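Engineer: This is what each chain is made of:
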Amino acid sequence: MAETIINVVLFSMLVLTALALVRMERLFTIVMLAGVFSLLAAMLFVTLDAVDVAFTEAAVGAGVSTVLYLGTIALTARGCKPSVRPSTVPLLVCIITGAVLIWGTLDMPNFGDAEAPAEVHVAQYYLTESVKEIDVPNVVTSILASYRGFDTLGEVAVIFAAGVGVLLIISRMPGQGRRKDKEDS
Amino acid sequence: MTTGDNELMIEFLLGHINYWLFVVLMMTGLYIVIVRGNYVKKIVGLNIFQTAVFMFYISIGKITGGTAPIFPTDSQGRIRPDPDIVYSNPLPHVLILTAIVVGIATTALGLALIVRIREEYNTIEEDDVLEIETKLAEQENRIHGFGPGGGA
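Which chain is which? The protein sequence lines are A and B, in order. Residues 1 to 185, numbered by this note's numbering, are exactly what the first sequence covers, in order. Residues 186 to 337, numbered by this note's numbering, are exactly what the second sequence covers, in order.
It should be emphasised that the hints constitute simulated quantities derived from the structure, not laboratory data. Quick caveat: nothing in here was measured; it's all calculated off a predicted structure. Hints may be right or wrong, so weigh each one.
[Claimed, not checked] Residues on chain A that point at chain B, a partial pick, calculated with CB under 7 angstroms:
1) Ser65
2) Ala114
3) Ala118
4) Val139
5) Ile143
6) Gly165
[Unchecked claim] In silico DSSO-like links for lysine-lysine, alpha-carbon gap of 27 angstroms or less:
7) B:Lys320 - A:Lys81
8) A:Lys81 - B:Lys227
9) B:Lys320 - B:Lys227
Note that the Cβ used here is the ideal one computed from N, Cα and C, for glycine as well.
Make a model of the complete structure from these sequences and hints.
Structural biologist: The following block contains the structure:
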């Protein structure tokens, strides 16, 4: 029961942080609040038994991405203009989509149900057989590196592609100057 | 309504509140992405959207009374499986671990694009970029005409 209360309180704090982000105008505040959001998410992952995910979220979400955001706002701008767009239609779209999604959750199995379809399929195999087959105490590690190794290979390919993409976008290639430079010369 | 009905109702509420909070979180992210014109804020909104999906997956994998899927070991480091321990589903953890790392890669790519947009347009507001683009297109239309192949 205590676990459920902690879970609901943490999740509500996460939602409140996200709602507070909607109205913010200063980019520095937004970035810091995004860091708080990631740390809260990491805490929630711990209560949901996903310790490896919590590690990664704290390191990547609150650490690396905050640094990237700070670098970006240092290179670009500190504030954002207050929104002048009409917000009724987007709000309506979000509420309708949310309502449909909630309607879809109504026939889902209860949270924490050990008999739910997601738990009785291949997860049981991993939990019983990975000791014999892989011999690593952490089941997440044995799935990540062995059973679903090709997934991880694909992940590495994505990171490589993104890294190359970032380098190509940031570094200006010869002959591909700014529009203004061309007009000047 | 009898007490039995009430208990069932509370069980249903507690059993689904995680999913509902996930929907609220996801829609908040979507709203930020649609309404706010600042590109950095849009990326933050996308990250919120993404984290909401992570929460949903991890919530599905949780089992009441379960613990993190790591087997106990003895002092020599040998695994001593204990059949009495209930473990949460490790598969969503693996999928989300991959998704978080892919997420930071795409975030980095988006932020690099923002830096580049600021170099080109001297602004990171979507409305300003659209205005500049419209002006440029009008100029080019005046030079080349509005016909096919000439319109920008």
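Engineer: Each hint: holds or not?
Structural biologist: We went through each hint and held it up to the structure:
A cut of 7 angstroms between beta carbons decides the hint on A:Ser65: the least distance to chain B is about 6 angstroms, and the hint holds. Taken as an interface hint, A:Ala114 checks out: its beta carbon lies about 5 angstroms from the nearest beta carbon of chain B, inside 7 angstroms. Against a cut-off of 7 angstroms between C-beta atoms, the interface hint on A:Ala118 holds, since the closest Cβ of chain B lies about 5 angstroms away. The closest approach between the C-beta of A:Val139 and any C-beta of chain B is roughly 4 angstroms, which is under the 7 angstroms cut-off, so the hint is satisfied.
With a cut of 7 angstroms, the hint placing A:Ile143 at the interface with chain B holds, because the nearest CB-to-CB distance is about 5 angstroms. About 5 angstroms separates the beta-carbon of A:Gly165 from the nearest beta-carbon of chain B, less than 7 angstroms, and the hint is met. Restraint check for B:Lys320 and A:Lys81: the C-alpha separation of about 21 angstroms stays at or below 27 angstroms, so the hint holds. Restraint check: the Cα-Cα separation between A:Lys81 and B:Lys227 comes to about 13 angstroms, which is no more than 27 angstroms; the hinted pair holds.
With a C-alpha separation of about 24 angstroms, the suggested pairing of B:Lys320 with B:Lys227 holds against the 27 angstroms cut-off.
Violated hints: none; the structure is consistent with every hint.
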